[in-house]
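Enquirer: Sequence:
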Amino acid sequence: SAYSRGSTYWVPADADRASLSIVERAALDIFDLHSKGASYIPSKSGAEWWTLDLEDGNGSVAWHFDRDYAVEDDVNLGPHVATVTYLTSAGAPTVVVPLVAPSDSAVKPRGAGGE
28 SAYSRGSTYW
38 VPADADRASL
48 SIVERAALDI
58 FDLHSKGASY
68 IPSKSGAEWW
78 TLDLEDGNGS
88 VAWHFDRDYA
98 VEDDVNLGPH
108 VATVTYLTSA
118 GAPTVVVPLV
128 APSDSAVKPR
138 GAGGE
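Residue 130 in my numbering sits at position 103 of the sequence shown, with consecutive numbering throughout.
Take the hints with a grain of salt, since some may be wrong.
As the list claims (entries may be wrong) - With a straight-line Cα cutoff of 20 Å, these simulated EDC-like cross-link-like pairs (lysine to aspartate or glutamate) come out:
id, residue 1, residue 2
1, K71, D59
2, K71, D95
3, K63, D41
4, K71, E99
5, K135, E75
6, K71, D41
7, K135, D95
8, K71, D56
9, K71, D93
10, K63, E99
11, K63, E75
12, K63, D43
13, K135, E99
Everything labelled a hint here was simulated from the structure, so no lab data went into it.
Build the full structure now, drawing on both the sequences and the hints.
Expert: Shown next as C-alpha coordinates:
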(Lines of atoms letter the chains of each structure in order from A; the text may use other names.)
(Lines give C-alpha, C1' and ligand atoms only; values in the text may rest on other atoms or scores of the structure.)
Protein backbone atom coordinates (compact mmCIF):
# COMPACT_ATOMS: atom_id res chain seq x y z
CA SER A 28 0.00 0.00 0.00
CA ALA A 29 1.05 3.60 -0.55
CA TYR A 30 2.28 5.81 2.24
CA SER A 31 2.65 9.55 2.51
CA ARG A 32 4.65 11.12 -0.29
CA GLY A 33 6.71 12.95 2.32
CA SER A 34 10.02 11.94 3.83
CA THR A 35 11.03 11.12 7.35
CA TYR A 36 14.28 12.27 8.90
CA TRP A 37 16.56 10.89 11.60
CA VAL A 38 18.75 12.83 13.99
CA PRO A 39 21.08 10.78 16.24
CA ALA A 40 21.26 11.50 19.95
CA ASP A 41 24.97 12.29 19.67
CA ALA A 42 24.57 14.87 16.87
CA ASP A 43 26.39 18.22 17.12
CA ARG A 44 23.44 20.42 18.09
CA ALA A 45 25.14 23.59 16.85
CA SER A 46 24.85 22.28 13.29
CA LEU A 47 21.18 21.23 13.52
CA SER A 48 18.03 22.95 12.32
CA ILE A 49 15.51 24.23 14.86
CA VAL A 50 13.24 21.25 14.11
CA GLU A 51 16.08 18.77 14.66
CA ARG A 52 17.01 20.47 17.94
CA ALA A 53 13.37 20.35 19.05
CA ALA A 54 13.23 16.62 18.20
CA LEU A 55 16.34 15.99 20.30
CA ASP A 56 15.01 18.14 23.16
CA ILE A 57 11.93 15.91 23.21
CA PHE A 58 14.16 12.82 23.02
CA ASP A 59 16.20 14.14 25.98
CA LEU A 60 13.06 14.76 28.01
CA HIS A 61 11.76 11.22 27.52
CA SER A 62 15.11 9.44 27.82
CA LYS A 63 16.31 11.24 30.95
CA GLY A 64 17.80 8.65 33.29
CA ALA A 65 17.58 5.86 30.69
CA SER A 66 20.54 3.83 29.54
CA TYR A 67 21.06 3.93 25.76
CA ILE A 68 23.76 4.05 23.10
CA PRO A 69 23.76 7.62 21.72
CA SER A 70 25.12 6.66 18.28
CA LYS A 71 22.29 4.13 17.85
CA SER A 72 19.53 6.23 19.44
CA GLY A 73 17.84 9.45 18.47
CA ALA A 74 14.69 10.93 17.03
CA GLU A 75 12.78 10.43 13.81
CA TRP A 76 10.81 13.44 12.67
CA TRP A 77 8.68 14.45 9.75
CA THR A 78 6.35 17.18 8.68
CA LEU A 79 3.13 17.08 6.74
CA ASP A 80 1.65 20.04 4.91
CA LEU A 81 -2.03 19.67 4.03
CA GLU A 82 -2.33 23.25 2.81
CA ASP A 83 -5.36 22.72 0.57
CA GLY A 84 -7.25 20.85 3.28
CA ASN A 85 -7.92 17.88 1.02
CA GLY A 86 -5.07 15.63 2.09
CA SER A 87 -5.08 12.96 4.74
CA VAL A 88 -2.85 10.47 6.49
CA ALA A 89 -3.89 6.83 6.23
CA TRP A 90 -4.38 4.66 9.32
CA HIS A 91 -0.98 3.33 10.33
CA PHE A 92 1.23 2.08 13.13
CA ASP A 93 4.37 4.08 13.89
CA ARG A 94 7.23 1.76 12.99
CA ASP A 95 10.46 1.50 11.01
CA TYR A 96 9.09 1.07 7.50
CA ALA A 97 12.58 0.37 6.11
CA VAL A 98 12.47 -3.11 7.70
CA GLU A 99 8.71 -3.76 7.49
CA ASP A 100 9.04 -6.78 5.20
CA ASP A 101 10.76 -8.68 8.01
CA VAL A 102 9.82 -7.16 11.35
CA ASN A 103 7.53 -4.56 12.90
CA LEU A 104 9.94 -2.37 14.85
CA GLY A 105 8.12 0.37 16.70
CA PRO A 106 9.49 3.35 18.62
CA HIS A 107 10.11 3.08 22.34
CA VAL A 108 8.43 6.48 22.82
CA ALA A 109 6.38 8.48 20.34
CA THR A 110 4.99 12.02 20.43
CA VAL A 111 2.83 14.01 18.04
CA THR A 112 2.90 17.79 17.75
CA TYR A 113 0.35 19.79 15.78
CA LEU A 114 1.08 23.34 14.63
CA THR A 115 -2.47 24.02 13.50
CA SER A 116 -5.95 24.47 14.91
CA ALA A 117 -7.66 22.31 12.29
CA GLY A 118 -7.69 18.64 11.36
CA ALA A 119 -8.47 15.32 12.93
CA PRO A 120 -6.71 14.31 16.15
CA THR A 121 -4.25 11.49 16.58
CA VAL A 122 -5.96 8.29 17.72
CA VAL A 123 -4.20 5.96 20.13
CA VAL A 124 -5.59 2.45 20.42
CA PRO A 125 -4.73 -0.41 22.78
CA LEU A 126 -3.13 -2.53 20.04
CA VAL A 127 0.41 -3.73 19.63
CA ALA A 128 1.62 -4.72 16.19
CA PRO A 129 3.18 -8.20 16.32
CA SER A 130 6.93 -8.20 15.80
CA ASP A 131 6.57 -10.69 12.93
CA SER A 132 5.45 -8.59 9.95
CA ALA A 133 3.67 -11.59 8.39
CA VAL A 134 1.19 -11.67 11.28
CA LYS A 135 -1.79 -9.32 11.00
CA PRO A 136 -2.47 -7.21 14.12
CA ARG A 137 -5.46 -8.65 16.02
CA GLY A 138 -8.22 -6.60 17.53
CA ALA A 139 -8.46 -4.00 14.77
CA GLY A 140 -11.86 -3.58 13.17
CA GLY A 141 -13.60 -5.97 15.55
CA GLU A 142 -11.41 -8.96 14.68
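Enquirer: Each hint should be assessed against the structure and marked as holding or not.
Expert: Now the hints, each set against the structure:
Between K71 and D59 the alpha-carbon distance is near 14 Å, which keeps this suggested pair within the 20 Å criterion. As the CA atoms of K71 and D95 are separated by approximately 14 Å, the hinted pair is consistent with the 20 Å bound. For the suggested pair K63 and D41, the alpha carbons sit about 14 Å apart, so the restraint of at most 20 Å is met. Restraint check for K71 and E99: the C-alpha separation of about 19 Å stays at or below 20 Å, so the hint holds.
For the given pair, K135 sits about 25 Å from E75 by alpha-carbon distance, which is inconsistent with the 20 Å threshold. For the given pair, K71 sits about 9 Å from D41 by alpha-carbon distance, which is consistent with the 20 Å threshold. The suggested pairing of K135 with D95 holds, with an alpha-carbon distance near 16 Å, which does not exceed 20 Å. The suggested pairing of K71 with D56 holds, with an alpha-carbon distance near 17 Å, which does not exceed 20 Å.
Restraint check for K71 and D93: satisfied, since their Cα atoms lie roughly 18 Å apart, inside the 20 Å limit. As the CA atoms of K63 and E99 are separated by approximately 29 Å, the hinted pair breaks the 20 Å bound. Pair hint K63 plus E75 holds up; C-alpha atoms about 18 Å apart against a cutoff of 20 Å. Among the hinted pairs, K63 with D43 is consistent with the structure: their alpha-carbon atoms are about 18 Å apart, no more than 20 Å.
Under the criterion of a C-alpha separation no larger than 20 Å, the hint pairing K135 with E99 is consistent with the structure, at around 12 Å.
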